[in-house]
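Got chain A; can you put chain B on it based on the hints?
Going line by line, the protein sequences match chains A and B.
Residues in the first sequence are numbered consecutively from 1, following this note's numbering.
Residues in the second sequence are numbered consecutively from 143, following this note's numbering.
Hints are supplied without guarantee of correctness; some may be wrong.
[Stated by the list, open to error] If you anchor each label on the Cβ, the simulated ranges turn out as follows:
#1 B:524 - A:31: 50 to 56 Å
#2 B:413 - A:106: 25 to 31 Å
#3 A:9 - B:308: 30 to 36 Å
#4 B:309 - A:17: 30 to 36 Å
#5 A:8 - B:189: 53 to 59 Å
#6 B:310 - A:71: 46 to 52 Å
#7 A:14 - B:555: 41 to 47 Å
#8 A:79 - B:305: 41 to 47 Å
#9 A:106 - B:555: 44 to 50 Å
#10 A:97 - B:505: 39 to 45 Å
#11 A:79 - B:217: 51 to 57 Å
#12 B:316 - A:57: 26 to 32 Å
Bear in mind the hints are in silico, worked out from the structure with no lab data behind them.
Where is the CB? At the ideal position from N, CA and C, for every residue including glycine.
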Amino acid sequence: MRYLMLVLSTPDAPAEPEGVPAIEDWVRDTYGSGRGVLGERLRPPVDAVGVQVRAGEVVVTDGPFSETKEVVAGFDVIEAPDLDEAITIAAAHPMAYAGAIELRPFWPLGLGDGSPEDGPGAADEGAAGAAGQGAVGGPAGA
Amino acid sequence: MTDVGQAVAEAFRDEWGRVLAAVARSTGDLDLAEDCAQEAFAVALRTWQRDGVPERPGAWLTTTARRRALDRLRRRAVETEKVTTAARLAEPLTTASADPVLEAVGAADDAAGWAGAADDPDGDLLRLIFTCCHPALPLEGRVALTLRSLTGMTTAQVARAFLVPETTMAQRLTRAKRKIRAAGIAVRVPPPDLLHERVSAVLAVLYVLFTEGYDAWAEPDGTPDRRALAGDAVRVARLVARLLPDEPEARGLLALLLLQHARRDARLGRPAGDVPRTIEEQDRSLWRHDEISEGLTVLDDALARRRPGPYQVQAAIAALHARAPSPEATDWAEIEALYDVLLGMTRSPVVALNRAVAVGMARGPEAGLRVLDDVAAAPELAAYHLLPAARADLLRRAGRTAEAVAEYRRALDQVDREGDRRLLRSRLAALQEGEAREV
Numbered sequence: 001m002r003y004l005m006l007v008l009s010t011p012d013a014p015a016e017p018e019g020v021p022a023i024e025d026w027v028r029d030t031y032g033s034g035r036g037v038l039g040e041r042l043r044p045p046v047d048a049v050g051v052q053v054r055a056g057e058v059v060v061t062d063g064p065f066s067e068t069k070e071v072v073a074g075f076d077v078i079e080a081p082d083l084d085e086a087i088t089i090a091a092a093h094p095m096a097y098a099g100a101i102e103l104r105p106f107w108p109l110g111l112g113d114g115s116p117e118d119g120p121g122a123a124d125e126g127a128a129g130a131a132g133q134g135a136v137g138g139p140a141g142a
Numbered sequence: 143m144t145d146v147g148q149a150v151a152e153a154f155r156d157e158w159g160r161v162l163a164a165v166a167r168s169t170g171d172l173d174l175a176e177d178c179a180q181e182a183f184a185v186a187l188r189t190w191q192r193d194g195v196p197e198r199p200g201a202w203l204t205t206t207a208r209r210r211a212l213d214r215l216r217r218r219a220v221e222t223e224k225v226t227t228a229a230r231l232a233e234p235l236t237t238a239s240a241d242p243v244l245e246a247v248g249a250a251d252d253a254a255g256w257a258g259a260a261d262d263p264d265g266d267l268l269r270l271i272f273t274c275c276h277p278a279l280p281l282e283g284r285v286a287l288t289l290r291s292l293t294g295m296t297t298a299q300v301a302r303a304f305l306v307p308e309t310t311m312a313q314r315l316t317r318a319k320r321k322i323r324a325a326g327i328a329v330r331v332p333p334p335d336l337l338h339e340r341v342s343a344v345l346a347v348l349y350v351l352f353t354e355g356y357d358a359w360a361e362p363d364g365t366p367d368r369r370a371l372a373g374d375a376v377r378v379a380r381l382v383a384r385l386l387p388d389e390p391e392a393r394g395l396l397a398l399l400l401l402q403h404a405r406r407d408a409r410l411g412r413p414a415g416d417v418p419r420t421i422e423e424q425d426r427s428l429w430r431h432d433e434i435s436e437g438l439t440v441l442d443d444a445l446a447r448r449r450p451g452p453y454q455v456q457a458a459i460a461a462l463h464a465r466a467p468s469p470e471a472t473d474w475a476e477i478e479a480l481y482d483v484l485l486g487m488t489r490s491p492v493v494a495l496n497r498a499v500a501v502g503m504a505r506g507p508e509a510g511l512r513v514l515d516d517v518a519a520a521p522e523l524a525a526y527h528l529l530p531a532a533r534a535d536l537l538r539r540a541g542r543t544a545e546a547v548a549e550y551r552r553a554l555d556q557v558d559r560e561g562d563r564r565l566l567r568s569r570l571a572a573l574q575e576g577e578a579r580e581v
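Only chain A is shown next, with the shape it has when bound in the complex:
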């Protein structure tokens, strides 16, 4: 059996939990014993990219499909030279047509850009703003 272990950060996490084991120990034990297959840290949700195909068009959106009721139905780890290539791969997946694909960039260890807002609690500023309807908005007789 293989299991996907989703590591979640929760908004109501205790500030200073007690008796937390060191991640180094967990990594050593889990991967040292061959039980671990692949593990990575992910960039926070603000850096997520949504990909869907609707009516034959690739629809790319800022941010995750959060606060909805999607079920994680599977996962793939893909290697692509840049986001557009990753979008092309994601847009070719059948679930991009029937559901949605969320691309979450990996966050290489040792290369964080050190910003305090990078944490899981980072606010999702201006999620929609003026919304995407600019092309056809506006008063008719302005």
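Chain B alone, transformed into the frame defined by chain A:
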């Protein structure tokens, strides 16, 4: 200003985007490119004083900015080497993935790469535009970043134009640039299978930018900084239309912006009134007819390619207004027909609403109201003030005053734009005055 100061200021206006784009292309790092482009202009101010203004200021600035970038990348690479070495020692299970910084230095050291970049300033600009307008970025960030990158406006100036505190704007720009790095958005023209959607995304950003400025022309207290955004959007749209000669929609957008922008002085009238005027009420002698004729030429050129799209159709509608010597001479039947086409292309409820207004003008208010009833159920329009505003106008013209008053009130509850608010208030006041007289 000294001659040199003048020359640097001119170079800044003409070359900022190119210098930034060239460095961004070579390094793939917009933040770094911005810093180095800024430094290059500062260096120019000093050295041009001493050595004279170079023959090709743009090339000089680009070379200087690139050298700075290369220096910084080399320094950063040394530091990163130290950090990653330390990280690897502490964390033996981390796989040594390809290091983007080291790769950038590799590319930077590749003399051909740097030299090649100098030969393609238009290509660099195009890549920069696609990067700034990438749909994976938050919309607000796209609009601000496009403006900052292509006009050289400072963060403070962009903040002032959008009426937000400078810290808010700085954060918006920083987040967008960080996401470019974090999500792996490359400074590139998108692959062919994504190009069509991505061109639309660029044009949508420019239209949002334009609208922000154009709205301010309908507001008595609209600031000059904010109004200038409309002109900035026209300039960038002109650049994009030139860079994408095979995309008629890019010309369509340029035509649309030119035709709308030409009416800016008439929106409040002259001297400027307190209430914006609808197109029927505007003094047409205040329209800029040179800009209208440029818009019409650009539109004809786009339409001649026979690949119509939503911007071309919207521009064609704007052209029918622009061509009419008086409101009565407006060809509303043709406008209604164009809205039919636009609705078929976009399926947008906002377009359906505008079509209902056109029907009301072409075939009378009762006909417009019937069409509007079919549109009103769309959930996208639930909180959109122009739905009750359009119904109110139709009811007013149909002589159904009491119903019109109720709809104007509803629109006023929902309106979020100062210009529209003033227009609605004045309509409501006029109706109530009329009612009071009748009683």
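Quick rundown of the hints versus the structure:
A hinted range of 50 to 56 Å for the beta carbons of residue 524 of chain B and residue 31 of chain A is consistent with their spacing of about 52 Å. At roughly 60 Å, the beta-carbon separation of residue 413 of chain B and residue 106 of chain A lies outside the given 25 to 31 Å, and the hint is violated. For residue 9 of chain A paired with residue 308 of chain B, a C-beta distance near 31 Å keeps the hint of 30 to 36 Å intact. One distance hint, 30 to 36 Å for the beta-carbon pair residue 309 of chain B and residue 17 of chain A, holds here, with the actual separation near 33 Å.
One distance hint, 53 to 59 Å for the beta-carbon pair residue 8 of chain A and residue 189 of chain B, holds here, with the actual separation near 55 Å. Against the hinted window of 46 to 52 Å, the Cβ-Cβ separation of residue 310 of chain B and residue 71 of chain A comes to about 36 Å, which falls outside the hint. With their beta carbons about 44 Å apart, residue 14 of chain A and residue 555 of chain B fall inside the hinted range of 41 to 47 Å. Taking 41 to 47 Å as the suggested C-beta distance range, the pair residue 79 of chain A and residue 305 of chain B conforms, at roughly 43 Å.
A hinted range of 44 to 50 Å for the beta carbons of residue 106 of chain A and residue 555 of chain B is consistent with their spacing of about 47 Å. Separation of residue 97 of chain A from residue 505 of chain B is about 41 Å and conforms to the stated range, judged on CB atoms against 39 to 45 Å. At about 29 Å, the beta-carbon gap between residue 79 of chain A and residue 217 of chain B misses the expected band of 51 to 57 Å. Roughly 31 Å separates the CB atoms of residue 316 of chain B and residue 57 of chain A, a value that falls within the hinted 26 to 32 Å.
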